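Visitor: Protein chains in written order, with the numbering used here: chain A, 179 to 437; chain B, 179 to 437; chain C, 179 to 437; chain D, 179 to 437.
Just so you know, the hints here were simulated from the structure itself, not pulled from any lab data. Check before you lean on any hint, since a few could be wrong.
For identical chains, the list gives no copy identity; a pair is met inside one copy or between any two copies.
[Said to hold, decoys possible] Here are the simulated lysine to any residue pairs, SDA-like style, with alpha carbons at most 20 Å apart:
#1 Lys334 - Gln319
#2 Lys336 - Glu289
#3 Lys334 - Ala401
#4 Lys327 - Asp240
#5 Lys224 - Lys354
#6 Lys260 - Asn273
#7 Lys406 - Thr197
#8 Lys183 - Ile228
#9 Lys402 - Leu388
No experiment lies behind these values; they were computed from the predicted model shown.
Number of protein chains: 4
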Amino acid sequence: MQNTKIVRHNTEIEIQDSTLLVGLPGVGHVGKLVVDHLIEQFEAEKLLEIYSTSFPPQVLVDENSTVRLISNIFYTFQVNGKDILLLAGDQQSTNSEGHYELCDLYLDIAEEYGVSRIFTLGGFPTGQLDHVDEVLGAVNQEDLVESLKEHGVTFKEKEPNGGIVGASGLILGLSKFRDIDAACLMGYTSGYLVDPKSAQSLLAVLSSILDIEVDISELEERAKEMEKIVANLVEAKQQQQQQQMLTETPRDEDLGYIG
Amino acid sequence: MQNTKIVRHNTEIEIQDSTLLVGLPGVGHVGKLVVDHLIEQFEAEKLLEIYSTSFPPQVLVDENSTVRLISNIFYTFQVNGKDILLLAGDQQSTNSEGHYELCDLYLDIAEEYGVSRIFTLGGFPTGQLDHVDEVLGAVNQEDLVESLKEHGVTFKEKEPNGGIVGASGLILGLSKFRDIDAACLMGYTSGYLVDPKSAQSLLAVLSSILDIEVDISELEERAKEMEKIVANLVEAKQQQQQQQMLTETPRDEDLGYIG
Amino acid sequence: MQNTKIVRHNTEIEIQDSTLLVGLPGVGHVGKLVVDHLIEQFEAEKLLEIYSTSFPPQVLVDENSTVRLISNIFYTFQVNGKDILLLAGDQQSTNSEGHYELCDLYLDIAEEYGVSRIFTLGGFPTGQLDHVDEVLGAVNQEDLVESLKEHGVTFKEKEPNGGIVGASGLILGLSKFRDIDAACLMGYTSGYLVDPKSAQSLLAVLSSILDIEVDISELEERAKEMEKIVANLVEAKQQQQQQQMLTETPRDEDLGYIG
Amino acid sequence: MQNTKIVRHNTEIEIQDSTLLVGLPGVGHVGKLVVDHLIEQFEAEKLLEIYSTSFPPQVLVDENSTVRLISNIFYTFQVNGKDILLLAGDQQSTNSEGHYELCDLYLDIAEEYGVSRIFTLGGFPTGQLDHVDEVLGAVNQEDLVESLKEHGVTFKEKEPNGGIVGASGLILGLSKFRDIDAACLMGYTSGYLVDPKSAQSLLAVLSSILDIEVDISELEERAKEMEKIVANLVEAKQQQQQQQMLTETPRDEDLGYIG
Numbered sequence: 179m180q181n182t183k184i185v186r187h188n189t190e191i192e193i194q195d196s197t198l199l200v201g202l203p204g205v206g207h208v209g210k211l212v213v214d215h216l217i218e219q220f221e222a223e224k225l226l227e228i229y230s231t232s233f234p235p236q237v238l239v240d241e242n243s244t245v246r247l248i249s250n251i252f253y254t255f256q257v258n259g260k261d262i263l264l265l266a267g268d269q270q271s272t273n274s275e276g277h278y279e280l281c282d283l284y285l286d287i288a289e290e291y292g293v294s295r296i297f298t299l300g301g302f303p304t305g306q307l308d309h310v311d312e313v314l315g316a317v318n319q320e321d322l323v324e325s326l327k328e329h330g331v332t333f334k335e336k337e338p339n340g341g342i343v344g345a346s347g348l349i350l351g352l353s354k355f356r357d358i359d360a361a362c363l364m365g366y367t368s369g370y371l372v373d374p375k376s377a378q379s380l381l382a383v384l385s386s387i388l389d390i391e392v393d394i395s396e397l398e399e400r401a402k403e404m405e406k407i408v409a410n411l412v413e414a415k416q417q418q419q420q421q422q423m424l425t426e427t428p429r430d431e432d433l434g435y436i437g
Numbered sequence: 179m180q181n182t183k184i185v186r187h188n189t190e191i192e193i194q195d196s197t198l199l200v201g202l203p204g205v206g207h208v209g210k211l212v213v214d215h216l217i218e219q220f221e222a223e224k225l226l227e228i229y230s231t232s233f234p235p236q237v238l239v240d241e242n243s244t245v246r247l248i249s250n251i252f253y254t255f256q257v258n259g260k261d262i263l264l265l266a267g268d269q270q271s272t273n274s275e276g277h278y279e280l281c282d283l284y285l286d287i288a289e290e291y292g293v294s295r296i297f298t299l300g301g302f303p304t305g306q307l308d309h310v311d312e313v314l315g316a317v318n319q320e321d322l323v324e325s326l327k328e329h330g331v332t333f334k335e336k337e338p339n340g341g342i343v344g345a346s347g348l349i350l351g352l353s354k355f356r357d358i359d360a361a362c363l364m365g366y367t368s369g370y371l372v373d374p375k376s377a378q379s380l381l382a383v384l385s386s387i388l389d390i391e392v393d394i395s396e397l398e399e400r401a402k403e404m405e406k407i408v409a410n411l412v413e414a415k416q417q418q419q420q421q422q423m424l425t426e427t428p429r430d431e432d433l434g435y436i437g
Numbered sequence: 179m180q181n182t183k184i185v186r187h188n189t190e191i192e193i194q195d196s197t198l199l200v201g202l203p204g205v206g207h208v209g210k211l212v213v214d215h216l217i218e219q220f221e222a223e224k225l226l227e228i229y230s231t232s233f234p235p236q237v238l239v240d241e242n243s244t245v246r247l248i249s250n251i252f253y254t255f256q257v258n259g260k261d262i263l264l265l266a267g268d269q270q271s272t273n274s275e276g277h278y279e280l281c282d283l284y285l286d287i288a289e290e291y292g293v294s295r296i297f298t299l300g301g302f303p304t305g306q307l308d309h310v311d312e313v314l315g316a317v318n319q320e321d322l323v324e325s326l327k328e329h330g331v332t333f334k335e336k337e338p339n340g341g342i343v344g345a346s347g348l349i350l351g352l353s354k355f356r357d358i359d360a361a362c363l364m365g366y367t368s369g370y371l372v373d374p375k376s377a378q379s380l381l382a383v384l385s386s387i388l389d390i391e392v393d394i395s396e397l398e399e400r401a402k403e404m405e406k407i408v409a410n411l412v413e414a415k416q417q418q419q420q421q422q423m424l425t426e427t428p429r430d431e432d433l434g435y436i437g
Numbered sequence: 179m180q181n182t183k184i185v186r187h188n189t190e191i192e193i194q195d196s197t198l199l200v201g202l203p204g205v206g207h208v209g210k211l212v213v214d215h216l217i218e219q220f221e222a223e224k225l226l227e228i229y230s231t232s233f234p235p236q237v238l239v240d241e242n243s244t245v246r247l248i249s250n251i252f253y254t255f256q257v258n259g260k261d262i263l264l265l266a267g268d269q270q271s272t273n274s275e276g277h278y279e280l281c282d283l284y285l286d287i288a289e290e291y292g293v294s295r296i297f298t299l300g301g302f303p304t305g306q307l308d309h310v311d312e313v314l315g316a317v318n319q320e321d322l323v324e325s326l327k328e329h330g331v332t333f334k335e336k337e338p339n340g341g342i343v344g345a346s347g348l349i350l351g352l353s354k355f356r357d358i359d360a361a362c363l364m365g366y367t368s369g370y371l372v373d374p375k376s377a378q379s380l381l382a383v384l385s386s387i388l389d390i391e392v393d394i395s396e397l398e399e400r401a402k403e404m405e406k407i408v409a410n411l412v413e414a415k416q417q418q419q420q421q422q423m424l425t426e427t428p429r430d431e432d433l434g435y436i437g
């Protein structure tokens, strides 16, 4: 197997001037929840599968006990006569070189299908378990900010101040070299849990941007389940924090660099 | 040395329509115990050795104080006029890329020797120290399930739900691209110890599938020795668990993703 | 994207017999503070940007919410009719191979622009939080020592005795193969914090070597802020040390190699 | 810089049917102490230097404050009309692939200089701080055992049972492919400290094998210094062990695989 292997499913299909939505696993799996939800609701068609030696060396097992390699997959669907491309997947690269190589490959494919703008979808970790109904944005060129604000996206100086790690960030950075407009949309989330509630907030903003109707009832159900788990965790964390206050002493790392 | 180096031992031998059994080190060393046992009992012939820069950079020392590089080795034997190939080894790759590269090489060799079906053998970790006489299966195409059930293999939706890591899984996943039927057979095992008892369970199922007689007396002896060790560990773990109940507080990792 | 990608900003510019100053992130960010300060004060011109798959796979977010890939950047300015080149950046390579590859590339570029001498700027960790107004030097050929002493650089046998890690060291070592004079200048610093005060000491020595005037008022302000933080940390560390004296027992690592 | 760079110092020199001694850093630095000692006493001549991107990305600082890249170096000297080659160095590879690549390169060079036998020198960790005057051997072909026993080398079934890690082991394993006789000689050592006393034991055996006179007075001095350090460590460890008996509970790793 080469570093990456591409398996194409539909070679006839005509796509042009399309929008790419990237929803790979990440903070709170917010981006992944949104894109997986769109694929299901719009019965998106599988375009091509990407396998990489940078993915974890394992297979996943399906309902019928059949296995499949870790992959990232391009899907497509049409809505209001517009072509939407989606990038979904099980995992991201396990190493730095692989991240760059794969994101560059994703942009090759985006250009092949005439992608004119990209939205990478992710989560913005707050460290707080209570929900904040907000979506943070970052862009690869300044003049995208105003139009996104009109759809309810928040922008904050230098936020996330740790930068944006992984495909959501790299695709923005690398798309500059190809003059493709790109923005990263991040739902606020604790960072501790898969967060369907944050996915709802992100989906609301996204459907306004794309001008499409999305049924979020399923995400709402999942959100309710998670709320129960969160309730328990809040309790657990409180106990933990009390414990720590009693036992903890500052470690060297805590005295780390302060810019 | 290239990334991988192949040393061939028998180039005359005629093999066709054969079955490949893969038993590399892994959970409970169940797969390795089974394949090593078959190699010994059927006096399998060494076909070729594979060396790789992805194996640990070390040598092992034999009875007579001679060293040998870490390797994976193909063996073969005939039974009931059928050709059986076996893949055994000291270690698996130490990195993700090496795993993919080696498993792809193993499949090149499998095709060279006309392998029509593959069984990768491993262990399914239960976390429980008491033995469960069961073998879990996963396949690379659904229509293998029924025939394997007839030989006593269990199938469970999405199990192992952490997927199958390493060669046992990758070989299944990659063999899809080559239209070779492949199944992974996993003996239930604690995950804490080398488990000859689980190897017996797996061997029983496998000999039924291959329709061969296997003498397991030697594995039984080893199993008895392990039972003594287990007895002691059970005690040790109980003490440990009591200790932990007294001292432990949940850590952030414990609050990790829940799908 | 190749392993490394170069984006050139000014191809007309004529540079010869220049001096290269390297200030990448490192101990106390001393070198980075100095070079970033010079770039600002002398309004240095951007010469070229270097992107690498060895940099962390992420983007940074600017004031206006636009992102940029991690990069290392060459700048240049003229002073007293002399050409000065500067190498600044967000990060260093995340792996060993990348460090060697990038430092070799930096020297290719240095030769292209006729660099005749190099100063790599860094910090020398003392483990003490109180400031020492001293600059330690190391060179890639002995006859550089005397002239640098005249500018107040200290030299100590085999110091730093752990060697010089990263670009500051590698560029010195690799420039030997190209017969370029190079010295590493290290401001004394605790190693716990970004240290603008150490940067002042280093800048004083450097401006004497380069015979240029530098306004350090801005660094002084930053230094004052840090002094407050340091005061708090001193307290925190004292508490910590007391704690440790009570709880700690020597670990194997503490019994490690002693030459 | 390529993966590896070779700088040759003496291209005229005629060497044939020589013996190679490998003494790179490792357990107790026993092998390094022996080879460095021989280089000094016999004023061995520098043959060639090897630089590698697999070595740590740093430089070391000498007495005169000049830096040098991490390297492995071949030396040579003549004694009793026999040519001796020595491989010394600051460090070994930091990654698995680099280990294989470098050891293969070392054997290319060995063949170029007509090396007919190789001794890799190292330490055998006992975990005990008191000295054992013994040298353990391992070989790459059985018929070397008898002759080495006559020189006082001990051989034990499957010892070291963890195998031999790094260059000392790999060079033995890889030299098989080139039909070069090779043995690894390991001085018994605690594994906690640089061990000149173990180096003396190893040197005694080695000088008997090579039939050369070696003055070990300098190593004896260093050994005396270490004995003082050891005395203190013994005390420290006893205290530590008492502490642990009071605090420790078995961890999962302690319940790890038992073959």
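Visitor: Hint by hint, say whether it matches the structure.
Guide: Each hint tested on the structure:
no., hint, in the structure
1, Lys334 - Gln319, "within (15 Å within a copy, 49 Å between copies)"
2, Lys336 - Glu289, "neither (29 Å within a copy, 36 Å between copies)"
3, Lys334 - Ala401, "neither (27 Å within a copy, 27 Å between copies)"
4, Lys327 - Asp240, "between (41 Å within a copy, 17 Å between copies)"
5, Lys224 - Lys354, "between (27 Å within a copy, 18 Å between copies)"
6, Lys260 - Asn273, "neither (35 Å within a copy, 43 Å between copies)"
7, Lys406 - Thr197, "neither (36 Å within a copy, 50 Å between copies)"
8, Lys183 - Ile228, "within (6 Å within a copy, 24 Å between copies)"
9, Lys402 - Leu388, "neither (27 Å within a copy, 50 Å between copies)"
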